[in-house]
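This is what each chain is made of:
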Amino acid sequence: MIHSLFLINSSGDIFLEKHWKSVVSRSVCDYFFEAQERATEAENVPPVIPTPHHYLLSVYRHKIFFVAVIQTEVPPLFVIEFLHRVVDTFQDYFGVCSEPVIKDNVVVVYEVLEEMLDNGFPLATESNILKELIKPPTILRTVVNTITGSTNVGDQLPTGQLSVVPWRRTGVKYTNNEAYFDVIEEIDAIIDKSGSTITAEIQGVIDACVKLTGMPDLTLSFMNPRLLDDVSFHPCVRFKRWESERILSFIPPDGNFRLLSYHMLSWDVGKINPQKLPSLKGTMSLQAGASKPDENPTINLQFKIQQLAISGLKVNRLDMYGEKYKPFKGIKYMTKAGKFQVRT
Amino acid sequence: MTDSKYFTTTKKGEIFELKAELNSDKKEKKKEAVKKVIASMTVGKDVSALFPDVVNCMQTDNLELKKLVYLYLMNYAKSQPDMAIMAVNTFVKDCEDPNPLIRALAVRTMGCIRVDKITEYLCEPLRKCLKDEDPYVRKTAAVCVAKLHDINAQLVEDQGFLDTLKDLISDSNPMVVANAVAALSEIAESHPSSNLLDLNPQSINKLLTALNECTEWGQIFILDCLANYMPKDDREAQSICERVTPRLSHANSAVVLSAVKVLMKFMEMLSKDLDYYGTLLKKLAPPLVTLLSAEPELQYVALRNINLIVQKRPEILKHEMKVFFVKYNDPIYVKLEKLDIMIRLASQANIAQVLAELKEYATEVDVDFVRKAVRAIGRCAIKVEQSAERCVSTLLDLIQTKVNYVVQEAIVVIKDIFRKYPNKYESVIATLCENLDSLDEPEARAAMIWIVGEYAERIDNADELLESFLEGFHDESTQVQLQLLTAIVKLFLKKPTETQELVQQVLSLATQDSDNPDLRDRGYIYWRLLSTDPVAAKEVVLAEKPLISEETDLIEPTLLDELICYIGTLASVYHKPPSAFVEGGRGVVHKSLPPRTASSESAESPETAPTGAPPGEQPDVIPAQGDLLGDLLNLDLGPPVSGPPLATSSVQMGAVDLLGGGLDSLIGGTNFVAPPTAAVPANLGAPIGSGLSDLFDLTSGVGTLSGSYVAPKAVWLPAMKAKGLEISGTFTRQVGSISMDLQLTNKALQVMTDFAIQFNRNSFGLAPAAPLQVHAPLSPNQTVEISLPLSTVGSVMKMEPLNNLQNNIDVFYFSTLYPLHILFVEDGKMDRQMFLATWKDIPNENEAQFQIRDCPLNAEAASSKLQSSNIFTVAKRNVEGQDMLYQSLKLTNGIWVLAELRIQPGNPSCTLSLKCRAPEVSQHVYQAYETILKN
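Chains as they are written, first to last, in our numbering: chain A, 1 to 344; chain B, 345 to 1279.
Derived from the structure by calculation, the hints contain no laboratory data. Just so it is clear, CB atoms sit at the ideal spot from N, CA and C, and this is done for glycine as well. Please note: incorrect hints may appear among the correct ones.
[Unchecked claim] Using 16 Å as the maximum straight-line C-alpha spacing, the simulated EDC-like pairs for lysine to aspartate or glutamate come out as follows:
1) K371/B - D397/B
2) K616/B - E659/B
3) K339/A - D674/B
4) K627/B - D92/A
5) K626/B - D229/A
6) K135/A - D92/A
7) K193/A - D397/B
[Said to hold, decoys possible] Now the stretches of chain A that chain B is said to cover, found in silico as 3 or more residues with beta-carbon under 8 Å:
8) 6-16
9) 63-74
10) 195-205
11) 244-253
12) 318-325
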């Protein structure tokens, strides 16, 4: 399983190390530094690096390399997914994930990492659960702790840990009960010189922010669920009901989470008049005095379309069961460019 | 107020100050001090000197302080074992705490302290925690068993923790089940032989139930564990697949890939006629495509796995070519992998798109990527014949760009295209020649020289071109030197009149001025060939070359099947079986796909090898595992490369073959042993495969009609033991059927009737295929001969010795040993590549060596003798005067035995080395060899 973790900045300093089994000397990172040197850019450092006795698996996020050390055969995706979870957790705890922030909160970071793995096995990786175990630092809490002498470590068994809904704790209370859903679609496309589309696909997600009291059981239905045939769900979604009724039925985690992500290669754009094909034109101007680029550059396009999911996906209704109050519900649509590349 | 304050130090000495603070009376000050200590620890400062002071803070009600002290303890206990013991009491006490969180924390921390003395105290609390009423404690304890096993495996076994852990697989809480599975899997990895995870349909059901309810990580452990299970039939396989498929929609990519592994493996058992099979195939594509929209690191691992999946089941992703198109800001490691898969998916249907993309990539900035894109165009040309022309013109366009490395790559691949489609595209040579001066890489120079030599008759100034290379002969790399030598000899044989001087020059450069033995040897051989028999020289040097085939880097099928079992693991990223890289190679268990169902057999071949050569055609695939070949035959072959192999490797190959054949015989023009193709080092593309195949095929064609060796009949049941019935017999094998030839003699005074025979269970399941038929009663002193057909489908029970057979005739029992060779089946000739791969794959401890004395046979005679008993010679070679025969045989129950028989002319003893996955048969195989060879 995962043996150790090293955090390395882009200038090659190890600024944090954590070992879940025996201590692995930080000299193991020399192999990583070699690879880092060979790669022209930080993004190009290979994610799996073999060394004589270990394997180094790394992800590069927020200008930090998260390098995991493993010694036995462990599924690499398991390690990489875990590293992403570490990044997400830091971001969730501290607002941003950066070297100064991690250094400023080193003890909390250490406590959190200790809760995330036990002997290299994942222990608590849901941000909800972790926050029950180790409270995230806030200015207010620091002040309160200093005055009252209380701690930022919970002494109750995190309630979600063993229930069938490990992603949600019990006893959640809000005065304003609200549930917001954002349908966000990104278009990945490659357009060639002549303007014709080489590939185009939609990567869509539904991100949710749910602040509801108690144990609400939600169902979300779509006007056109047939559009979704390649989907990945948050563990809370009951797969059977989706299979049989095309309805998303779930007990939501508390707070922000990604309900599902989906993928579409082709979609229905409706009728287009062949005489008047819609087209979008743009000009690119170089800075004054700049020389013309040698290679034909590929242009990365950014755009946003508010209140529209380009695939046509539409939410029909959201219902809540299990709780009595009336929540405030909201849904937002947005389309933006993902990796939208125009070759010249 | 942040934790960075913990780093501020004073001049007086940090440790000194911390010590004082740790011993402070104020709780808050203590906690702050411990935090400072931890902060120093995280950045790698040594604060071990504070051990006693920190441990003193351990007994506290404050959970945060306790946790911090535990963190410290785990880090430093190892270096201060005597001090660490001070903590034991608190641990043991905490394990009894009413708060499950504290109990779990204590047992968890204790397991992390790798100090023997503490470990001893751990056993009792651990035992209690494994049975704790709170599942949170139980799941923590399960992991603790794995920790303890890592520290002291023996202790864990002695204490019976493994059994308790196995019981936890049936726990009511899915999280406990998942952790038990994870712990057992980790323990099993260091204990490959143990059947810790012995799964049966009941436990599988438990796992499948837990799968739906546990965390994403638990799902990974459970899926990986399920993948090791072998369903008993296709129905069970299908029902597991049905319950695993929902995992394909999980947001965690590791869960998805582990599910893909289970499905890919169990699919093997499903009939292709089944509707469900088609449904499953369709369900596999979307999740794989989705993985490609994840972060680049995840994409990379996914792509490496997809590479295996498209080789095994190309139909899954055949319509998804576009998702593999490269985005310009993909990291280079993703780009290169995508390119590889694009080529694998290239077909006539999508080749136009693919080529347009590849051409686009060839104009990018990244040199490695551009090179690979150019090579990819070449591979497309070779793979999809209809596209060859378009590929060539694309390559020509690229050459026009005059970008140095693009031109060079293009020339290297065009050479391969020439090889694949002779007399089709040579018109482009003129364009290639224009770029002669810009070539500065050895591979490109060598390729260009090969082209000039090969087509010397069509290039007016071929002699001038080659001469221009000759000027700097000694500065060239060996690869280029060898190529130049051969090219000039070719030129001379084609245009002898004008080029005599040139050939003289190169021969003298190669033989007299060079220190390189390969070059010298080749020079001498050419020289002598030319001076003794120019006609023979022409036959050798200008011999027709075998065509090269499309895919040069397909993974060999048995390896591919094994790798499919390792989807999602490091092995799948490296495309090597774990035995090839796991630390210490400690007994890795080989995994294999479940056997295919019979009904799918017919449809199998076109699907699994859609790009392969039609059956019957000699495969000229450049062996991907060239290193194996080299290893076994002691030849120095180049590394397996995805492009064509380096010229040097083929050259050395050629040289060895030549020498093996004997220089004298070569020059004498008789008994030409070395195959001509192998002797032509200029065949950059694929002489290795072809040369070897020629070598290897020496023995094919030897008739196999004469059946196996038959031992003379021996008395199995003497008359005195069976009321006057004497039975003697022997075993025969003829054209695939085994029979027991019996001779029954009535030595009693009465007539005997009603014979019947029954076999006890035996190792290979030998059983009568028909009842014993003795038609007439057996009169006194009468003898009958009966041939009893046998089958190997009887019930199997391992016997000691293995070939022990107990019979029961009427009421008389006799037992006899049957010679193992009657079990050698007719299709026991292993394919060369398979042989080499298998030989290397079987661990050395399975090798057994035997001496066969008094066996004055030469290799030829031995080989044909053995062949008639279904021991097949796969390859033959001569090393330092000894003849080596590489042989294979297969037993009726599918066990393969590989053999190396070393025969020294003049020495009546020969040495037999046997390798087999079931080493217990070796002894009997050896006996069979001895029997066959001596009779």
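Verification of the hints:
1. Proximity of K371/B to D397/B is assessed by CA-CA distance (about 14 Å); at most 16 Å being required, the pair is judged to hold.
2. Restraint check for K616/B and E659/B: satisfied, since their Cα atoms lie roughly 12 Å apart, inside the 16 Å limit.
3. With a C-alpha separation of about 10 Å, the suggested pair K339/A and D674/B falls inside the 16 Å cut-off, and the hint holds.
4. Distance check on the hinted pair: K627/B and D92/A sit about 34 Å apart at the alpha-carbon level, beyond 16 Å; violated.
5. With a CA separation close to 11 Å, the supplied pair K626/B and D229/A stays within the 16 Å bound.
6. Restraint check: the Cα-Cα separation between K135/A and D92/A comes to about 11 Å, which is no more than 16 Å; the hinted pair holds.
7. Among the hinted pairs, K193/A with D397/B is inconsistent with the structure: their alpha-carbon atoms are about 71 Å apart, more than 16 Å.
8. Note: the region 6-16 of chain A has 3 residues with beta-carbon separation from chain B under 8 Å; the three-residue rule is met and the coverage holds.
9. A stretch counts as covered by a chain when three or more of its residues have a beta carbon under 8 Å from one of that chain; for the region 63-74 of chain A and chain B the count is 4, and the coverage holds.
10. Note: the region 195-205 of chain A has 4 residues with beta-carbon separation from chain B under 8 Å; the three-residue rule is met and the coverage holds.
11. By the rule of at least three residues with a Cβ nearer than 8 Å to a Cβ of chain B, the coverage given for the region 244-253 of chain A is violated, with 0 such residues.
12. Three residues within the 8 Å Cβ limit are the bar, and the region 318-325 of chain A against chain B gives 0, so the coverage statement is violated.
Of the numbered hints stated above, those contradicted by the structure are hints 4, 7, 11 and 12, listed in ascending order.
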